[in-house]
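Chain by chain, the residues run as shown.
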Amino acid sequence: MSQDVDGSQPVEKPLETVDSVVIRFCGDSGDGMQLAGTQFTNVSAVFGNDVSTFPDFPAEIRAPAGSLFGVSGFQLCFSSNDVYTPGDAVDTLVAMNPAALKTNVGDLVRGGTLIVNEDAFDRSNLQKARYEIDPLKDENALAGYRVHKVPMTRLTRDAVEGLGLSNSDADRCKNLFALGLVYWLYDRDATPTEDWLKSKFAKNPAILEANLRALKAGYTFGLATEQFTVHYKVPAAKLAPGRYRKITGNEALAMGLATAAKLSGREVFFGGYPITPASDILHDLSKFKEFGVRTFQAEDEIAAITSVIGAAFGGALAVTASSGPGIALKGEGIGLGVMTELPMVIINVQRGGPSTGLPTKTEQSDLFLSYFGRNGDCPMPLLAAQSPGDCFDMAQEALRIAVEFMTPVFLLTDGYLANGAEPWRIPKIDELKPIHVKYQTENNGNGDGYLPYLRDENLVRPWAVPGTPGLEHRLGGLEKADRTGNVSYDNDNHQRMTNVRRQKVANIAKTIPLQEVDGPESGDLLVVSWGGTYGAVRTATQAARRKGQSVAHCHLRYINPFPSNLGEILQRYKKVMVPELNTGQLWLILRAQFLVDAIGFNKVKGKPFLVQELTDKMDEILAS
Amino acid sequence: MTVDTELPVLTAKDFASDQEIRWCPRCGDYSILAQMKKVLPTLGVPREKMVFVSGIGCSSRFPYYVDTYGFHSIHGRAPAVATGLKVARPELMVWVITGDGDALSIGGNHLLHAIRRNVDLKIIMFNNQIYGLTKGQYSPTSPQGKRTKSTPYGSVDAPLNPLAVAIGAGATFVARSVDVDIKHLGMVLERAAAHKGTAFVEVYQDCNVFNTGAFEFASKKDSKQDHCIYLEQGRPLVFGSDRDQGVRLNEAGEVEVVKLNGVKEDDLLFHDEQREDPSHAFRLAQLRWPNAPEPMGVFRAVEKPTYDEAVDQQYKERRAKVGEGDLEALFNSGDTWEVK
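Chain order of the listed sequences is U and B.
With the working numbering applied, the first sequence corresponds to residues 1 to 624, in that order.
With the working numbering applied, the second sequence corresponds to residues 1001 to 1340, in that order.
Excised from the complex, chain U in its bound form (with noise of 0.2 Å):
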């Protein structure tokens, strides 16, 4: 690619090609690096590269300028293979000031590239980043890699000359300036970032422009400067046929409800309060009212479980999603949801923990909240979603089990899922399953009452909504009596409602899928993993076969039930291993569950797995 640069015709630089690239921009929580890294993420899925992405920013909202703890990072691994993470290692980091070099260039591998935006390496942010000496004057600190010095502020600052924008408002596109100078380096088409720019501002011609300017001031500079000798292209990758789009975990999920609404022709009631990392979910279902979804801002956590609970007693396809410490809150209201059979879905998009632990970072450390935490025998069946675009299905999944089997169903997703990116193939309508709502119209007490606790043959109860004439009943909290929904005192009651309501929910295994393995059917190790860290698990397990060893991957979706036939394949195997975030949860499910010695592997540092570690454990199990 050439273009005129001040009337000299540049060079035309090599272009080089790689199968895969990893790349973090990382700046200031105001520097605009999720939105950088978000439209990388978006211009390398339009051109049909496979895309994994890992957003990680502070809690703080606008951290103190250039302070170490207040760096936002968005990293991408786009590659023209099928990708499953975004990556161990960086290949080039983007960073806009010290405090972005000092806590990220760890991760950059060596000769890897560094681009850094040298006008923010005055005294004050050296010193708020703890430098004594500026690691760009000083020859040993960035040896090893190759370094980058762009006048970014000044180079901004130069390309929006003339549209009358203060310094800061000026300041505030040199984040498109690194974006330009990236789509530079990767021979990327800029077009849709232009595209975007141009709806998102387009009320404001003035920093629109200024924007444009910037981004292709970013590309233009790497085109004629002479830091830059060559650049790099990643083929598109082959992924199945159909039509792709973008997508996260949150999206997905809300994608999801909207659908199961829309097909089965009931509404969706939506009662949620905001908490991070699960408001996203809220904000897009609160624009699907016309695929049929109601949303409702609680007042608080339990007001949004319990409002739920009345919804669902009212007809709907009741949902609520929080993090760890609102679904804490909710305990209480979810065991009304179980006690009273109602079908209602609760989202937990797990965050670090306990109490408030991590909010921004992902951890999979609810497992035993999700599973347990409710006071009494208070079986409930859960699901775990394994990639952003898996949670569209699971969303499904989860309303499908609620209503089929009359229960509250927990899914699980995390940060990770919740706002990492991964192309989705888009679904035909036709391909779609609708879930079956049916609310009983018909006495079924003989020529007595209605019975709303009288079961089928899976011991689900009926759904009789208000409204319907002559199947007024109560519904509470205290024990029942079987078939007539009474409260009952009577022991042997007691013993055989909570007998029902766990096999019950074991009742649902016969609707699920069996387990698959991904590999051989026996052998030396299976590692057994659940939620977001299927893709980093499935690329070790596949790099380990590929090595030779004989290892196989069992991701569960199902916790509770499990698959029928997860028993039998943890047999098959010499050693099984569980990865998690947590430490050791399903682990702990698994060994008390089959009586398998299974070797828990565990972290807990607000990050996914990186492949590597993963890869280090295996080949530590295998020769031990």
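None of these hints come from the bench; they were simulated from the model.
Mixed in with the good hints, there may be bad ones.
[To be verified] With a cut-off of at most 30 Å between alpha-carbon atoms, the simulated DSBU-like pairs for lysine-lysine come out as follows:
(1) U/200 x B/1321
(2) B/1340 x U/233
(3) B/1304 x U/287
(4) B/1037 x B/1135
Only a predicted model underlies this, so the values are computations on that prediction, with no experimental measurement involved.
Here the structure of chain U is known, so what remains is to put chain B in place on it, guided by the hints.
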């Protein structure tokens, strides 16, 4: 062919469920239940379209005894359960039955928010100034100094004024009555049922086991007239068995009780439940026995848009504007690309 659209005529008996009532003998709850069952058939609402939602406490057993749809939820959360139901099914008539502990202590937040949203709920709060079901601890409405199981030396908690709280939260309908004052209670329940929006009704209810006689001032036939002002719309605040006392505002703008001899009726405070400005109702809510005669009846009744109606309207407007949602268009929104 003709279709008979007339509603069947229902009576109180039609609203009695088959459940054995398990309140203590002579509990004030019986009287409230009886009045409710008398009022319900007069509302013109089919039984199946009524839902009673409650929390936890003696009063919250109420839904089991009414043959409509009912939901006995968990402690304090009835307004939230009812809000979810009403938003999902705005055409239903939803009653909330609660008590002073349920509504004002553990469930205070939900009560506040149901009221400020003006959800179309009829909230009937049985106030017995005690925790009955847990066998006699002081409640958020127990008077200071009250000796109970958990306050053997007397409660040091300042009590809440339920009506003032409701008015402060922006309630559009606020009323008070007494369990045994059958006619008055019936009138108040009818008014609450007719109100569109959150109706908040405090019913003084005698817990004859743990706190008997707490509301004697308002329930004794021969003396209640001397202790209570029975509010009448557009009428001056006059009370007393001989109707010889009244309430007026003094020069400092404070409420004072006066003997009527020598004071003209026009100089008294006139009751207007429809005033947009809540300060009149709030002032009335400050009159509490034994410091002052205590008002009974409807303090405030103003019309405002309800939450459930507004949600429903927005929902329908959006659907009317853009038509039925198109999943294909939703999935394909934003940048898409084709892989061959």
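### Query
Hint by hint, which ones does the structure fall short of?
none
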